[in-house]
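There are 2 protein chains.
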Amino acid sequence: MKIVILKFGGTSVGSIERIKNVAKIINAYHKKRYKLIVVSSAMSGVTNDLISKSKQISDNFSSSEYDVLVSTGEQVACSLIAARLIHLGLKSRSWLSWQIPIMTTSLHKNAKINAIYKRKILNYLKKGGIPIVTGFQGVNENERVTTIGRGGSDASAIMLAKFFKAERCVIYTDVEGVYTTDPNKLKKAKKIKVISYEEMLEMASLGAKVMQPVSIQDARLNRIDIEVKSTFTKKSGTLITKRSNIINNKIITGISLTQNDSKISLIGVKDKPGVAASIFKPLSKNLVNVDMVVQNISANGKETDLTFTIKTEDLNKTKKIIQSNKNIKFRKLILKKNVSKISVIGVGMITTPGVTFRMFQTLANKKINIQVISTSEIKISVLIDKRDTKKALIALHKEFKLHNKR
Amino acid sequence: MKIVILKFGGTSVGSIERIKNVAKIINAYHKKRYKLIVVSSAMSGVTNDLISKSKQISDNFSSSEYDVLVSTGEQVACSLIAARLIHLGLKSRSWLSWQIPIMTTSLHKNAKINAIYKRKILNYLKKGGIPIVTGFQGVNENERVTTIGRGGSDASAIMLAKFFKAERCVIYTDVEGVYTTDPNKLKKAKKIKVISYEEMLEMASLGAKVMQPVSIQDARLNRIDIEVKSTFTKKSGTLITKRSNIINNKIITGISLTQNDSKISLIGVKDKPGVAASIFKPLSKNLVNVDMVVQNISANGKETDLTFTIKTEDLNKTKKIIQSNKNIKFRKLILKKNVSKISVIGVGMITTPGVTFRMFQTLANKKINIQVISTSEIKISVLIDKRDTKKALIALHKEFKLHNKR
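These protein sequences, in sequence, are chains A and B.
For the first sequence, position 361 matches number 975 in the working numbering, and the numbering has no gaps at all.
For the second sequence, position 20 matches number 634 in the working numbering, and the numbering has no gaps at all.
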């Protein structure tokens, strides 16, 4: 049985009219004789309203009751979608997590799906039914309602695709797909037709607007093709798939940006094992997210300079942690706000030499100073002055021919 | 284990502030060392909002999905109550129907509870927990969510009281209890402290504002004491109990009214078996609710006059049914709008002769003409002109000393 998972996000089911539209989309797939499993988020705004109620009840609202509370949002959306399909003459019904069941770990508000029982849903599919499954939730071994953390309903869709060995998982959302860079920052940004999981993961903020990294990673591990598209247009979206499915790679697939970063340099740190750990352990404990880390080669073999970036909002906290921790020894501390990380991402760079050089040359031509460099197999990131971000983005987007139709 | 059921209606949990108040009420019972099972309705307005959504999706909304949809209302209320109790330092949790489970018949939108599994709740009570149970719903043998029809959450509370052999079932609502007559129609109406199930059932509209007859009947059959009281005051309410628990009965407990009635008289009907049936069968089929029925003694043994009352809104329909049905033979049809039924109810009349006479004399003194009389063991109803209703109500309320403190 070839199964397709269709997942609809909160804005896609954000009103009665939109739910009717979603029913039309489902009907169109049904007419193409796909076996469908539909997953829905809560209607947009509903979850926030429920969370607001919870905050008024208690500033320390029970996490198990929180899950009971917010899980009603998806239940409402699923019943409305199913009823609309029935109205259109199709066989459909809502399937609540406990009815399937979708089993999760026990941790409330942040559970993980660890099993989906297939028997009832498969029977229902065989009878020609279209199951509408509540996203974002499950039940734990104590038969209590859980909600899953990051990734939400996307994670539900990916796990359904995994357990039912679905041919494809279509994520309907309010954006048309993944772009070469943020269209709000560069009008010439183009929608990417096909992208590998790895590139998508490296896209960081750019990709995260479309899908949480945790869900992309789950899809990658289970080799599930994901199609991201908009409920509001009929245009094709972006296919996220394994590298080997992608022919005619561009060298660079996209350019991502981070802003509001700060750079911290520790000058004259002892160059011996365990030093980096002694610095980053207290930061991690205090939930400071460290991004780029660069350690220079020690000239004299005794001392080294360590540079890393954090979000500017964490700057004061970080400063205090470093200065108050006596295990961290250094000669000088340099803090710099208003830096920006710009990254070019593409699996094409693995087989194409000279990408790093082209990137650096492009920035040099624009007289943009590179403060820190960090590279991975499919990504090159540089830290630059925040003022230069736009100039750098335009130049790199052009250099790597991302303006062109893809 | 002595168990008390506390049921809160929609207005009682109609806002966050009210839910906090409900938590205080529960806490007060808890401090008195009662073992509590709490049942809640949805926050007022929520169910109507969900129903409105369903109507926008389809004018023939699937009844099974309707139940999935509206049952979320109680789930939200229960999670908020439980979380508030946890906030106050108590052990509490929501119990959804499928978690207990509360089993119902399979008919959606109008299911009946036929079993409540006790094991999990009893274990939870033994551990000192306060279970907050979703009213108005259950699951059927197909593991689908059902909602129960008339009586709603009251019926849930009564059935919980039955299965757990509760000592008492307290119905918290937005009225202070049952009154001798409608306080909106007569300011001197007094709250009744104790009333029997049978009187409560005979109170019809008067009682129905407080509780659906079907729930009272269930309570009567299972000998469950019901206390009806308001969440908004600390005043005692009305206890509904078996007759033998009531000492010092007043002769008359209350006076109920119906308005917008019409009277239909069929003059010269053949006086033979099956005639009444031939008239009422087509009315019943057409959902016309017949209230008082009086058949006069036949003078000549061949013909009789038949009079009955219906709601005025059904008058035209009834007229057509009678005139178009050739099985119904009569000489003359008399229709009269603007009649009103006034009933005095009280178990005291069983042992006190002369109540009928006192009622008729009181009305005669006020020159009020009685058009139809109908009596039961504990109720005397008369049909009068609608214009005389208020006058009759005042006179009877005074005659039977209902003005006095009870």
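Please keep in mind that the hints were generated in silico from the structure rather than gathered at the bench.
Wrong hints could be hidden among the right ones.
Any copy will do: because identical chains look the same in the list, a pair fits if it lies in one copy or spans two.
[Said to hold, decoys possible] In silico PhoX-like cross-links for lysine-lysine, where the CA-CA straight-line distance does not exceed 20 Å:
| id | residue 1 | residue 2 |
| --- | --- | --- |
| 1 | K634 | K667 |
| 2 | K705 | K649 |
| 3 | K864 | K616 |
| 4 | K1012 | K925 |
| 5 | K779 | K638 |
| 6 | K638 | K667 |
| 7 | K899 | K849 |
| 8 | K823 | K864 |
| 9 | K848 | K616 |
| 10 | K634 | K1012 |
| 11 | K1015 | K895 |
| 12 | K940 | K741 |
| 13 | K776 | K740 |
| 14 | K734 | K807 |
| 15 | K895 | K1005 |
| 16 | K634 | K645 |
| 17 | K1012 | K980 |
| 18 | K933 | K950 |
| 19 | K638 | K669 |
| 20 | K669 | K980 |
| 21 | K616 | K646 |
| 22 | K801 | K740 |
Hint by hint, here is what the structure shows:
1. For the homomeric pair K634 and K667, the shortest alpha-carbon distance between copies (12 Å) is at most 20 Å, but the shortest distance inside one copy (28 Å) is not.
2. For the homomeric pair K705 and K649, the shortest alpha-carbon distance inside one copy (12 Å) is at most 20 Å, but the shortest distance between copies (45 Å) is not.
3. Taking identical chains as interchangeable, the C-alpha atoms of K864 and K616 are never at most 20 Å apart, the minima being 31 Å within one chain and 75 Å between chains.
4. Within a single copy, K1012 and K925 get their C-alpha atoms no closer than 28 Å, and across copies no closer than 80 Å, so neither meets the 20 Å cut-off.
5. Taking the closest pair of Cα atoms, K779 and K638 never come within 20 Å of each other, the shortest separation being 25 Å inside a single copy and 51 Å across copies.
6. In this assembly of identical chains, the alpha carbons of K638 and K667 lie at most 20 Å apart only when taken from different copies (18 Å versus 33 Å within one copy).
7. In this assembly of identical chains, the alpha carbons of K899 and K849 never lie at most 20 Å apart, being 45 Å within a copy and 55 Å across copies at closest.
8. In this assembly of identical chains, K823 and K864 lie within 20 Å of each other by CA distance neither inside one copy nor across copies; the values are 22 Å within and 73 Å between.
9. Proximity of K848 to K616 under the C-alpha cut-off of 20 Å is found in neither arrangement, the shortest distances being 23 Å within a copy and 63 Å between copies.
10. Proximity of K634 to K1012 under the C-alpha cut-off of 20 Å is found in neither arrangement, the shortest distances being 41 Å within a copy and 60 Å between copies.
11. Taking the closest pair of Cα atoms, K1015 and K895 never come within 20 Å of each other, the shortest separation being 41 Å inside a single copy and 83 Å across copies.
12. Proximity of K940 and K741 under a CA criterion of 20 Å is satisfied in neither setting, with 68 Å inside one chain copy and 49 Å between copies.
13. For the homomeric pair K776 and K740, the shortest alpha-carbon distance inside one copy (19 Å) is at most 20 Å, but the shortest distance between copies (42 Å) is not.
14. Taking the closest pair of Cα atoms, K734 and K807 never come within 20 Å of each other, the shortest separation being 36 Å inside a single copy and 53 Å across copies.
15. Proximity of K895 to K1005 under the C-alpha cut-off of 20 Å is found in neither arrangement, the shortest distances being 36 Å within a copy and 86 Å between copies.
16. In the homo-oligomer, the alpha carbons of K634 and K645 lie at most 20 Å apart inside one protomer (17 Å), although the nearest pairing across protomers, at 51 Å, exceeds that limit.
17. Proximity of K1012 and K980 under a CA criterion of 20 Å is satisfied intra-copy only: 13 Å inside one chain copy versus 99 Å between copies.
18. For the identical chains of this complex, K933 and K950 are intra-copy neighbours only, at 11 Å inside a copy versus 90 Å across copies, given an alpha-carbon limit of 20 Å.
19. Taking the shortest alpha-carbon separations for K638 and K669, only the inter-copy value of 18 Å comes in at or below 20 Å, while the best intra-copy value is 37 Å.
20. With identical chains, the CA atoms of K669 and K980 are never at most 20 Å apart, being 50 Å at best within one copy and 61 Å at best between copies.
21. For the identical chains of this complex, K616 and K646 are intra-copy neighbours only, at 12 Å inside a copy versus 61 Å across copies, given an alpha-carbon limit of 20 Å.
22. Neither within a single protomer nor between protomers do K801 and K740 lie at most 20 Å apart by alpha-carbon distance, with minima of 47 Å and 65 Å respectively.
Violated hints, in rising order: 3, 4, 5, 7, 8, 9, 10, 11, 12, 14, 15, 20 and 22; the structure is consistent with all others.
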